[in-house]
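Starting from the structure of chain A, add chain B where the hints point.
Here the protein sequences line up with chains A and B, keeping their order.
Residue 100 in the numbering used here is what sits at position 100 of the first sequence, and the numbering runs on without skipping anything.
Residue 121 in the numbering used here is what sits at position 121 of the second sequence, and the numbering runs on without skipping anything.
It should be emphasised that the hints constitute simulated quantities derived from the structure, not laboratory data.
Pairs of lysine to aspartate or glutamate residues, derived as EDC-like cross-links and limited to a Cα-Cα distance of at most 20 Å, are as follows:
1) A:K91 - B:D120
2) A:K115 - B:E119
3) B:K139 - B:D48
4) A:K115 - B:E123
5) A:K78 - B:E36
6) A:K42 - B:E36
7) B:K163 - A:E119
8) A:K78 - B:D40
9) A:K265 - B:E79
10) A:K257 - B:E77
11) A:K49 - B:D40
12) A:K78 - B:D120
If you're wondering where the values come from, they're calculated on a predicted model, not measured in any experiment.
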Amino acid sequence: MKKVTYIILLCFSAFAYGQGNCLLYPEGSNERKACELAYKGKELKQGSKASQMMFDSIIKLNPNYAWAYMEKSVPYFKRGFILEGLQLLDKAVELEPRFHLTYRAYWYFQNRNYKRCIEDLERYYKLPNAFIYELSPGGDKDMRILLGMAYAKLGDYEKGIQTIENCLKSYQREDDFGLTDYHTLGMLYVKNKQYEKALKAFENQLKITEDYPDSYYYAGLAYKGLQKQEEAKIQFEKAKDKFLDSYHIRNGYLCFKVYYADVIKEIEALSDKS
Amino acid sequence: MNKKLTYIYLATLLLLAFGCNTQKESEKEIIPVYSEHIGDTPFDPKLDDVNFKFCDTTNVLHHRGRISYTGGTPAMEKELIEIYKKQPEFESFTGYFFVRFAVNCKNESGRFRWQIVDEDFKETTCIASLKKEIITNVKNLEYWNHPIYKGESHDGYTFLIIKIKNGNILPS
Numbered sequence: 001m002k003k004v005t006y007i008i009l010l011c012f013s014a015f016a017y018g019q020g021n022c023l024l025y026p027e028g029s030n031e032r033k034a035c036e037l038a039y040k041g042k043e044l045k046q047g048s049k050a051s052q053m054m055f056d057s058i059i060k061l062n063p064n065y066a067w068a069y070m071e072k073s074v075p076y077f078k079r080g081f082i083l084e085g086l087q088l089l090d091k092a093v094e095l096e097p098r099f100h101l102t103y104r105a106y107w108y109f110q111n112r113n114y115k116r117c118i119e120d121l122e123r124y125y126k127l128p129n130a131f132i133y134e135l136s137p138g139g140d141k142d143m144r145i146l147l148g149m150a151y152a153k154l155g156d157y158e159k160g161i162q163t164i165e166n167c168l169k170s171y172q173r174e175d176d177f178g179l180t181d182y183h184t185l186g187m188l189y190v191k192n193k194q195y196e197k198a199l200k201a202f203e204n205q206l207k208i209t210e211d212y213p214d215s216y217y218y219a220g221l222a223y224k225g226l227q228k229q230e231e232a233k234i235q236f237e238k239a240k241d242k243f244l245d246s247y248h249i250r251n252g253y254l255c256f257k258v259y260y261a262d263v264i265k266e267i268e269a270l271s272d273k274s
Numbered sequence: 001m002n003k004k005l006t007y008i009y010l011a012t013l014l015l016l017a018f019g020c021n022t023q024k025e026s027e028k029e030i031i032p033v034y035s036e037h038i039g040d041t042p043f044d045p046k047l048d049d050v051n052f053k054f055c056d057t058t059n060v061l062h063h064r065g066r067i068s069y070t071g072g073t074p075a076m077e078k079e080l081i082e083i084y085k086k087q088p089e090f091e092s093f094t095g096y097f098f099v100r101f102a103v104n105c106k107n108e109s110g111r112f113r114w115q116i117v118d119e120d121f122k123e124t125t126c127i128a129s130l131k132k133e134i135i136t137n138v139k140n141l142e143y144w145n146h147p148i149y150k151g152e153s154h155d156g157y158t159f160l161i162i163k164i165k166n167g168n169i170l171p172s
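One chain only, chain B, in its complex shape:
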């Protein structure tokens, strides 16, 4: 009988301990992980071109307005629309691509990352071929001008918003 009671006692203790532990797990605070600056994009071998290098990794600017495209936004959008090879299956997509990337002091672009959202800016997906078409085309834009700040050349981050309606890229 004593042995039986001991087992019940031990089982109760275990249950309590497990219960407490579970509670602690659920109450555990999720600590967000931040990069030194929002948008810092370290090299990812699965995504990035090894040949793209920053000129000065310690000072990459986060100032979109300092990066321009030769001929301005209209020239860049014209190029994007001209090289876009629309497929019939793209027509089911309406939404936006937010494509972030860096331009180094040699005017090369790299470290591309993106978010795809619907008309209400909710996260969404699209068919792989459309995603490939858009991202490849953005990567192929060649005429970026790096940031110049206080008379000196810098690397910098920027982003593009590509608005698509029924598979067609809309100019801004």
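Next up, chain A with everything else stripped away, as it sits in the complex:
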């Protein structure tokens, strides 16, 4: 059921982030022409001169077309032009906060501005017509998980945990959980020294996927926090093996990431003690 919900949400999200339905505008109107041009221009390479000029033509036809500002901002963000990217995305947010606030929050997060990310997401969830299950641009996680991580990145683990717990409680079924939701929760429990709860979260995470070396690493830290050195070592070894396994997942939760060197350091530290 969760998968079906996600597919529906993804479709809706595609509509929300998409150009919109051109037939909603009167025939012959500039809004309609701008919308149709947006569909025609979809094949142009993102960030190319032709693509950017196409967005200019669209915006000239319909200066209130929020989607065009948002879409034009993307290559700027992807290529490190923060000022140009934000100038465009701010305009999209001004025109349609409901559809673009979370996208701006996502870029704030990616660019390590957690304060502004939190501001945007708190503003978004206070909107009377906010979508409850608003997903990240890649469609892989609920934006409330991102909000929880942003609180944590600013050192407020309690608030981060509470946000993610509330998000997970709102899911209707077990298969509503995203690929790294439990991992993220467990990771924040470890950061907050709630080790037993962390282990329970990782137990749930492993039912979803066993391919994140990071989950074993954090489980190892939880055991270490509980003074269970042997169990900790087992988990760190599992993390090491998973890193060396050609099939493992390396992205998906955006912060407090684990690297191979971190795992080796923990294994060596435990070996020195024994």
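For chain B alone, coordinates are given in the frame of chain A:
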């Protein structure tokens, strides 16, 4: 009298013409100038090292994720923090440096450009010595790995975000 009227007539015409012209100037559309691809950075003798060359200027990738640093982001950040020589006057700065640059197929870096923003991502400035320290240190990072796409070596563009709080570089 006729002569006087002619002068008034001519003056009125001139005023009208000037007025119309001014209006046209103000209404003139500003046409943005785009490079072939956003982020293309041509050689600037005032900023760039003449020795930095692309292996293939016709196909420089704009895909940040394909460029890596040996040892990963932690190694790169560790190096940046270790070589950073903080001065007391740096402490007044809190904000971010967005530093864009290219890595060629020989793993050399060049064509550095940057934007400095405050905590709210608004454009800002900082003292020249801090800017010099940060940019020089980024230029001195040596262990970049060029993009490999479909089994072939390429040149590529990437960027770093350096977050600074009270003059200290914060790791990600």
